[in-house]
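Number of protein chains: 2
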Amino acid sequence: MNGAQSLLQTLVDAGVEVCFTNPGTSEMHFVAALDLQDGMRGVLGLFEGAVTGAADGYARMAGRPACTLLHLGPGLANGLANLHNARRAFSPVVNVVGEHATYHRALDAPLTSDIAGFAGPVSGWVRSAESAEAVAADAAQAVQAAQGPPGCVATLILPADTAWNAAQGPAPPLPSAALKAPNPPQVDAALAALRSGEPCALLMNGEGVREAALRAASRIQQASGAKLLGDTFLARIPRGAGRVELPRLPYFAEQAEQALAGIRHLILVDAKAPVSFFAYPGRASELTPSGCAVHTLTERGEDAPAALTELAEGLDAARLPPQISALRQVRPPHGPLTPESAAAAVAALLPENAIIVNEAATSGFAMAGMTAGAPPHDVLDLTGGAIGMGIPAAVGAAIACPDRRVLNLEADGSGMYTVQALWTQAREGLDVTTVIFSNRKYAILQVEFMRVGAHNPGPKAMDMLQLDRPDLDWVALAAGMGVPGRRADSAEALHAALAEGLASPGPFLIEAVMAPG
Amino acid sequence: MNGAQSLLQTLVDAGVEVCFTNPGTSEMHFVAALDLQDGMRGVLGLFEGAVTGAADGYARMAGRPACTLLHLGPGLANGLANLHNARRAFSPVVNVVGEHATYHRALDAPLTSDIAGFAGPVSGWVRSAESAEAVAADAAQAVQAAQGPPGCVATLILPADTAWNAAQGPAPPLPSAALKAPNPPQVDAALAALRSGEPCALLMNGEGVREAALRAASRIQQASGAKLLGDTFLARIPRGAGRVELPRLPYFAEQAEQALAGIRHLILVDAKAPVSFFAYPGRASELTPSGCAVHTLTERGEDAPAALTELAEGLDAARLPPQISALRQVRPPHGPLTPESAAAAVAALLPENAIIVNEAATSGFAMAGMTAGAPPHDVLDLTGGAIGMGIPAAVGAAIACPDRRVLNLEADGSGMYTVQALWTQAREGLDVTTVIFSNRKYAILQVEFMRVGAHNPGPKAMDMLQLDRPDLDWVALAAGMGVPGRRADSAEALHAALAEGLASPGPFLIEAVMAPG
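Residue numbers (my numbering), protein chains in the order written: chain A, 1 to 517; chain B, 518 to 1034.
Next up, chain A with everything else stripped away, as it sits in the complex (with noise of 0.2 angstroms):
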């Protein structure tokens, strides 16, 4: 048994089970032992930015790390702005980096770079395998430090001659930590913040919205008469009818804003204090109100639901029905192509139990309101601001739940900077519907650019917010990596295309062709 098999078995003991990949030379012994250890499935990418980003999607459905493996500096470089997403969504990745052999590292061949240097920003654990006797150890670190709690990308460092030389046999699995107990003085002060007749409310992420915790967080509204917001992004947020319907702190600061007005304790569970996503000239980027207190019931990695559980108990509210969606059927839209009748569409026809991997931009923003009472469904947003996370979390999260639809409604310019992962749906044959909203431009940075204060952009700003000149033809690039598509230019074609798609076995692409607005 060499290095690479003695990491993979420890890997598959460890629960590890998938490795997306791309991989190179200095990776070729992990490759042979796919076939040498049982347990693996190897799932290649074109490009690696599908790849991490598929282990992002994995990460977050499985509620477990897959694996990566990538070539060298470069090809982690390539995978770094997804693995920024997988931390900023507490996803537990093993981020496998080959490397040259230990001896040739110091020779600075072209492919040298300073691999931990760039893994540094995005992991939140990283090793370099020194010895192939070492490295079943050090998986098995990996494995403990990517599943936290909280959960991070923990990376490991594969010089290629710890991979190649002997072995003497995997490692066992290490244990994982559980969520620590919430703290009796935290919980404590945000109880007594609930009972002051203040004006409270709950910002809420992680742990925090979970299912249960959701229940609880609505009994403790209906008791307290809290505000329940979650982050704006979220990793993984339960929706649909029979779940708590969580508001969202708003994208824009000034309607965040007026989201937190008024509020006098702010209670963060599993979240931060909100600051603002960009600065903008001459506004507070800290979003908390003046003369607000801010309250921590839970950090990452403590226990929210339980913490949330406490707080009802405490309010006499545990037994409380929570406040939950009901069922409300949409009837399919007629009519142009808008958010609004987009979002209907979705509505009409989401299928019970979908993943919706929404990283739709400008033109999703109806999206939450109208699937509200859709049928229960999980729903996975850009929790970094990297975008490209669409296509290829959708090839996780297909890959960690197979028998569950995946729909992924993806804005034109975030789908572009990953686009190759369409053809890993097609070579795995995942059943992933995508939904491309082609409006054409950045529109989010055509709203940005006036509220930065750059007024009156002339043509050639312009030029750099639009992808017309040529427009993308979405169905043509599918069709080039094998994934079939429809375009639809009106509400009725994109039902219909959605009603198709979410229908066929296997992948199936839509370009909705927005209106002009």
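Read the hints as simulated data drawn from the structure, not as lab findings. Certain hints may be false.
[What the hints assert, rightly or not] Residues from chain B that face chain A, not an exhaustive set, calculated with beta carbons under 7 angstroms: (1) Pro540; (2) Met545; (3) Pro591; (4) Pro627; (5) Val792; (6) Pro798; (7) Gln963; (8) Glu965; (9) Leu994.
Remember, it's a predicted structure, so these values are computed and weren't measured experimentally. The beta carbon of each residue, even a glycine, is placed where N, CA and C say it ideally should be.
Knowing the structure of chain A, use the given hints to seat chain B on it.
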């Protein structure tokens, strides 16, 4: 005038005329400045790997930097792989990376990351602007640093408030450094070696492979019997009729050892002592023969052409006519599409003064031999091994040299990494003909799999090295981005398609479906 305008004007005044960009909210004032200051061309890429690869290709052909404009850490991350190649090419690049406003950075908003951490491994110079008043001077220094010599990636991090706050005005250009004069003891040592009567070789790169330097090297070769060798991958090399043909150090270590066997004096001209591209079990990584003395004639930044001229003079060979390649007409090929027949088609049609961007990998192995007698042209190689350089570098080369035809010879696996750059070719109407060598596998990895001793690949391993299931349809991919194309599956068809592409205005793509082999 705000900081962004002062920055832009400083760049223009220093000779930076093209900005390759994929901006976001934090870069909107820079984008706005494109219309407010004259002289900067903005070129949009739909992914940052397309942006940085274009900046590399531009720098190699223009001999001066373009600037980039990237969106925060994740935008930089997406561009790192091609900045790694630029670093290995010693290409001057002014790499402008937007950042949150200075006061917003500490708030850890979702897009916050360690930008300097990401930039460090690829940059020769990194600075974060800290005020609008200072940003112009920072920009002038960035241009100076990028230009070297040797050239480097100079990363200027631009917090949003240093762009939007008021500035005094542009900063004057700083002087460019000249190449350092050759070091007399090093010239003397090389001369002594060349006169020793023992077998000598010159290993050449950088300024040592410019046209005049190669003529001097040819004189040295004729007078001393020394062998001339170029590094395996060169940022830019003049080739074809009328030029001195420079053989290359082979890629595979055992062939490289063969090329160097018996050499007693290895004279390095802007090159390092040779090492194998990858390590292999049981094989030495350092390729200098045992007992061979290594003499550094010039390091990067020293005047290699002058040093070579001094050597030629020292050998009384300054007036020898250099041995140059004769023009050789290659006949249009017939039969199956193989690396040999593909090379013949290229050689038969290559226009005078063409720029070949070479990322053909295994399918390109016959190209150098076949085109040695083609009309004079330049070739740009993949210097850093980070695949995905070709399509973007062709963008940059075409913008640097609008009067020259660009021919991008591209492997299918590599091409998929930054396929988005085809769209920029269409938008900018660039005269780029792309030949995708479609062998539907990572062919080099199938070779390397055996070479690293990971014998007998099983089906799971082979799956990770194949681009089939489904086959990519490159003509559809190109059409999806507005680039016309043809599929060619014979030598005749490739010849006809190349003739069409090279005669057409604007970009054209040929999927060359290689015969199984």
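We went through each hint and held it up to the structure:
Hint on B/Pro540 holds. Least Cβ distance to chain A is approximately 6 angstroms, under the 7 angstroms limit. Using the Cβ-Cβ criterion of 7 angstroms, the hint placing B/Met545 at the interface with chain A is satisfied: the shortest such distance is roughly 5 angstroms. Because the closest C-beta pair between B/Pro591 and chain A is about 3 angstroms apart, less than 7 angstroms, the hint holds. Annotation: B/Pro627 was flagged as interfacial toward chain A, and the flag holds, the nearest CB pair being 5 angstroms apart, inside 7 angstroms.
With 7 angstroms as the threshold, the beta carbon of B/Val792 comes within range of chain A, its nearest partner Cβ sitting at about 4 angstroms, so the hint holds. Annotation: B/Pro798 was flagged as interfacial toward chain A, and the flag holds, the nearest CB pair being 5 angstroms apart, inside 7 angstroms. Annotation: interface hint on B/Gln963 violated; nearest CB of chain A at approximately 10 angstroms, more than 7 angstroms. Of the supplied interface hints, the one on B/Glu965 holds, with its beta-carbon coming within about 4 angstroms of a beta-carbon of chain A, less than 7 angstroms.
Because the smallest distance between the Cβ of B/Leu994 and any Cβ of chain A comes to about 4 angstroms, under 7 angstroms, the interface hint for this residue holds.
Going down the numbered hints, you'll see the structure goes against just number 7.
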